[in-house]
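J.: Using the sequences and the accompanying hints, generate a full structural model.
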Amino acid sequence: MNDFRYLPMTDRDQKEMLDTIGVESLDELFEDIPDKVKFDGPLEIEPALHETALIKEMQRLAGRNVNVKDYPSFLGAGVYEHYIPSVVNHMLLRSEFFTAYTPYQPEISQGELQGIFEFQTMICELTGMDLANSSMYDGPTALTEAAMMSCGQTKKKEILVSKTVHPEALEVLKTNAAGQNLTVVEIEEKDGCTDMEDLEQKYTSSTACVIVQYPNFFGQIEDLQKVEEITHSDKSHMIVSSNPLSLGMLKPPGEFGADVVVGDAQPFGIPTQLGGPHCGYFAVTKKLMRKVPGRLVGQTTDDSGQRGFVLTLQAREQHIRRDKATSNICSNQALNALGAAIAMSAIGKYGLKEMAEQNMQKAHYAKKALEAKGFRPAFSGPFFNEFVIEFTKEVSQINEQLFDKGIIGGLDLGRFYKGREKQMLLAVTELRTKEEIDALASALEGAE
Amino acid sequence: MTTENQALIFEMSKEGRIGHSLPELDVDRIDLDELLPSSFQREEAAELPQVSELQLVRHYTALSRRNHGVDSGFYPLGSCTMKYNPKINEDVARYPGFAHLHPYQPESQIQGAMELMYKLQTSLEEVTGMDQVTLQPAAGAHGEWTGLMLIRAYHEGRGDYERTKVIVPDSAHGTNPASAVVAGFEAVTVRSTEEGLVDLDHLRELTGDDTAALMLTNPNTLGLFERQISEMAEIIHEAGGKLYYDGANSNAILGITRPGDMGFDVVHLNLHKTFTTPHGGGGPGSGPVGVKKDLVPYLPAPIIAKEGEHYTFSYDFPETIGRVKPYYGNFGINVRAYTYIRTMGPEGLKQVSLQAVLNANYMLRRLQPYFDTPYEQHCKHEFVLSGKRQKKLGVRTLDMAKRLLDFGYHPPTIYFPINVEECLMVEPTETESKETLDEFCDAMIQIAEEAENTPEVVQEAPHSTVIGRLDETTAARKPVLKYSREAYVSTKS
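Order-wise, the sequence lines are chains W and A. Residues 1 to 448 in UniProt numbering are what the first sequence lists, from first letter to last. Residues 1 to 493 in UniProt numbering are what the second sequence lists, from first letter to last.
Simulated from the structure, these hints should not be mistaken for laboratory data. Think of the CB as a built atom: it goes at the ideal place given N, C-alpha and C, for glycine as much as any other residue. Treat the hints with care, as some may be off.
Claimed, not checked - Simulated crosslink set (DSS-like; lysine-lysine; CA at most 30 Å straight-line):
1. A:LYS87 to W:LYS69
2. A:LYS478 to W:LYS235
3. A:LYS306 to W:LYS405
4. A:LYS292 to A:LYS306
5. W:LYS38 to A:LYS292
6. A:LYS14 to W:LYS349
7. A:LYS350 to W:LYS56
8. A:LYS306 to W:LYS56
9. W:LYS324 to W:LYS155
10. W:LYS393 to W:LYS422
11. W:LYS393 to W:LYS434
Unchecked claim - Covered stretches of chain A (chain W as the covering partner; in silico rule of three or more C-beta atoms under 8 Å from a C-beta of chain W):
12. 46-57
13. 103-110
14. 145-157
15. 324-333
16. 438-452
17. 467-477
T.: Quick look at the structure:
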């Protein structure tokens with residue numbers, strides 16, 4: 001029976017154990033399962049493979065994909081390929097981290113707890129907020145939880161959200177809002193940014209929160225000051241979803257008076273991996289501390305006065321409050337939060353600023369290079385590392401031609417917006433070289 | 001484990017040190033003020049640490065040494081299925097062809113990833129006896145909520161808006177009632193009998209025209225198989241409700257019984273429990289959801305479909321509840337789960353459950369003379385002990401859990417399920433050897449003896465950890481949730 005390297009039980013073990021239990025056979029242990037629900041016969045799944053064959057098969061599957069390390073890619077739109085210091089993966093492979101679970105026993109989980117406490121601190125530093133939780137599933141679900149928290153706290157039922165927020169985040173928000181019978185009202189887009197007049201018009205006394213993205217889905221930098229004025233004209237929450245890398249350069253949402261800042265820490269050390277797992281973050285003002293979903297790590301002392309860390313304010317959470325809890329989140333993305341903290345530590349205070357600036361400089365260089373070839377940008381406002389170009393033919397066709405030249409083009413906005421089939425959202429990170437950007441410009445010239 | 005206190009990384013920071021190697025900027029640097037109006041510019045740099053690469057490595061290595069994982073030692077945390085996380089899974093998930101894919105690459109560039117997702121979907125359909133699986137949910141609780149939203153959409157799709165209640169056993173995981181509420185339902189609790197099983201009479205009383213669903217874990221959180229599952233299914237289905245399977249405990253049933261055959265309509269699985277993907281200190285997990293045919297139209301899109309030899313994203317779900325997560329779920333985790341399924345195959349998966357159950361029963365019988373065991377029937381993959389006897393001696397279950405730390409073990413789940421006094425919930429999993437089980441049982445027996453003879457040894461535990469029992473009350477009353485920047489500045493000067 002020792003066909004499986006993860007199963008240590010020998011025939012002798014089995015016999016001794018059955019004897020101790022006082023049964024003749026394994027089947028006796030399953031007598032409580034009625035025959036009519038017993039599964040009879042082998043599962044029809046693929047056969048087991050020994051390790052060598054399995055590696056070959058998994059390499060075959062991986063080899064059928066085009067990966068963004070082999071081809072220069074200009075895809076972004078919420079998921080970004082960035083410099084990942086080698087130390088990140090090495091530290092994450094310390095198995096004391098990845099083979100542990102939620103730190104329920106703080107005495108033997110100080111490493112994880114301290115690592116997350118440091119992560120929480122870094123997120124506060126970036127966003128300019130008072131406190132941050134230990135992570136959420138991803139940016140869009142963090143945004144959604146922020147809206148749910150806001151409706152619960154303000155006792156209002158209307159969520160105002162800008163159409164310049166990531167379209168998939170909007171979809172997730174709508175799914176969740178339907179579950180709680182909340183209304184989602186979308187604010188129009190104007191020149192690539194939130195239409196402030198429309199926001200002013202739609203803002204009412206039932207508005208629980210206003211949600212904007214900074215930089216927004218089109219890469220444009222929203223006027224948070226104006227958003228704040230409107231949102232705080234009454235008792236509503238200002239929720240800002242933000243790419244944390246951009247906050248290396250941009251004034252943090254906290255300084256504009258945001259009540260909640262959410263986003264995804266994926267740009268820090270987390271590979272794109274087809275969109276998940278990434279790492280949602282969730283930061284708030286002190287006022288909202290006891291309303292935050294998910295786990296929080298706090299500092300305390302042990303019986304001899306030594307500094308230590310524990311999960312805290314657990315009375316908010318599902319395992320204590322059950323049906324009174326405002327969020328059902330349990331497992332989050334702890335290991336990715338740790339990875340992001342390691343990456344942020346490696347990149348460091350001035351490295352972050354430099355990395356953010358490189359993104360901005362290169363994106364601006366790319367935009368100029370494309371303009372020089374006669375391509376027209378769709379919007380004129382300030383932007384971070386993404387911008388939209390308007391072509392004369394469909395982006396899906398252009399991208400095919402780009403790929404023939406070994407380049408993965410930007411996002412076809414027609415995927416999400418009717419009428420934008422000729423618009424491409426391009427992301428340019430610090431990884432794209434001048435040479436690659438120039439090659440893109442030339443290739444596009446040929447494709448048009 | 002190391003016993004030295006570990007400084008915060010902020011405390012090690014020194015102005016001017018770096019731990020990175022960014023590419024050079026190879027385009028002309030434009031003056032920032034030209035790119036960004038000054039009102040948008042950050043004035044003060046975020047106070048991230050400034051450490052060298054070796055300092056960083058030492059710091060996180062030191063932290064790891066202050067942490068206990070499955071690789072460090074036995075981790076019988078009930079209902080969490082802390083089994084071995086295979087190394088090959090980690091290697092495979094890091095192949096560039098999986099790790100460095102962008103979700104908006106066209107289908108033609110990611111056929112291998114789609115093939116993997118399709119095969120994982122169909123494998124999980126077979127294992128659970130369901131008609132269609134979605135890989136979108138990110139974790140167990142996320143799966144529960146998704147499943148309940150599907151059930152709600154199903155009822156509403158038939159014009160039935162009166163089904164406002166979800167029935168949940170008193171022994172259920174906390175996420176069950178929380179998920180029900182977040183999906184817009186009212187959670188109603190059904191009692192357990194003295195045998196630890198759902199009280200069918202009470203279930204009948206609670207079930208009616210307003211029942212949307214019954215959420216059930218089977219085996220339940222006491223580790224007992226709900227043998228009247230078919231009767232329960234009948235009660236719920238006759239009233240027009242749906243049956244939801246919480247897959248947290250599916251490590252007991254692989255290839256032995258299937259939720260679909262037990263009458264369940266919706267299932268979620270925790271791939272980070274049953275299918276060996278690492279728990280990561282609290283995630284990332286993955287919580288795929290499977291449904292029977294009549295719920296398929298409501299699934300979140302996309303699902304991976306196969307057309308000839310080509311894999312496609314199918315968005316053809318007219319009644320969809322909408323997306324629950326961006327992109328395609330936690331793909332990196334799903335790669336690990338699929339690698340595991342291919343390691344074990346049909347026979348291996350069945351062996352997993354047989355051996356997990358044998359291990360649990362063996363431990364139960366070895367420990368039975370020393371602890372109160374509230375239920376007599378054979379357990380499945382986990383079992384509960386009650387510390388009632390020790391409590392009378394002044395030793396609480398919490399004390400015994402802390403004492404186990406001295407032996408190098410992660411304690412079982414404690415004080416859950418809530419319907420067992422001074423509960424310890426033990427789940428050994430199939431990947432532990434008999435020697436490990438015996439050593440753990442010996443430690444438990446020693447602790448039971450200490451409770452009688454030298455209770456202070458248990459009450460004052462742990463004695464050998466890097467830190468003593470922590471003051472959780474102060475942590476909650478005066479929360480310190482981040483390193484204070486003021487303190488940071490003063491440390492430097």
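J.: Indicate, hint by hint, whether the structure satisfies it.
T.: Tested hints:
Under the criterion of a C-alpha separation no larger than 30 Å, the hint pairing LYS87 (chain A) with LYS69 (chain W) is consistent with the structure, at around 23 Å. Pair hint LYS478 (chain A) plus LYS235 (chain W) holds up; C-alpha atoms about 27 Å apart against a cutoff of 30 Å. The straight-line distance between the Cα atoms of LYS306 (chain A) and LYS405 (chain W) is roughly 29 Å, inside the 30 Å bound, and the hint therefore holds. Of the pairs offered as hints, the one joining LYS292 (chain A) and LYS306 (chain A) holds, with about 19 Å between alpha carbons and a cut-off of 30 Å not exceeded.
Distance check on the hinted pair: LYS38 (chain W) and LYS292 (chain A) sit about 18 Å apart at the alpha-carbon level, within 30 Å; holds. The hinted pair formed by LYS14 (chain A) and LYS349 (chain W) meets the criterion: a straight-line CA distance of about 10 Å does not exceed 30 Å. Restraint check for LYS350 (chain A) and LYS56 (chain W): the C-alpha separation of about 25 Å stays at or below 30 Å, so the hint holds. Under the criterion of a C-alpha separation no larger than 30 Å, the hint pairing LYS306 (chain A) with LYS56 (chain W) is consistent with the structure, at around 23 Å.
Distance hint between LYS324 (chain W) and LYS155 (chain W) is fulfilled; the C-alpha atoms sit about 15 Å from each other, no more than 30 Å. At roughly 6 Å between alpha-carbon atoms, LYS393 (chain W) and LYS422 (chain W) fall within 30 Å of each other, so this suggested pair holds. Restraint check: the Cα-Cα separation between LYS393 (chain W) and LYS434 (chain W) comes to about 26 Å, which is no more than 30 Å; the hinted pair holds. Counting residues of the segment 46-57 of chain A whose beta-carbon sits less than 8 Å from any beta-carbon of chain W gives 9, enough to reach three: the coverage restraint holds.
Residue count for the segment 103-110 of chain A with a Cβ under 8 Å from a Cβ of chain W: 6. That meets the three needed, and the coverage hint holds. A count of 3 residues in the segment 145-157 of chain A with a Cβ less than 8 Å from any Cβ of chain W is obtained; the coverage claim is therefore met, three being the minimum. Counting residues of the segment 324-333 of chain A whose beta carbon lies closer than 8 Å to any beta carbon of chain W gives 10, which meets the minimum of three for the stated coverage. With 0 residues carrying a beta carbon less than 8 Å from a beta carbon of chain W, the segment 438-452 of chain A misses the three-residue requirement, and the given coverage is violated.
Only when three residues or more bring their CB closer than 8 Å to a CB of chain W does the claim for the segment 467-477 of chain A stand; here the count is 9, and the claim holds.
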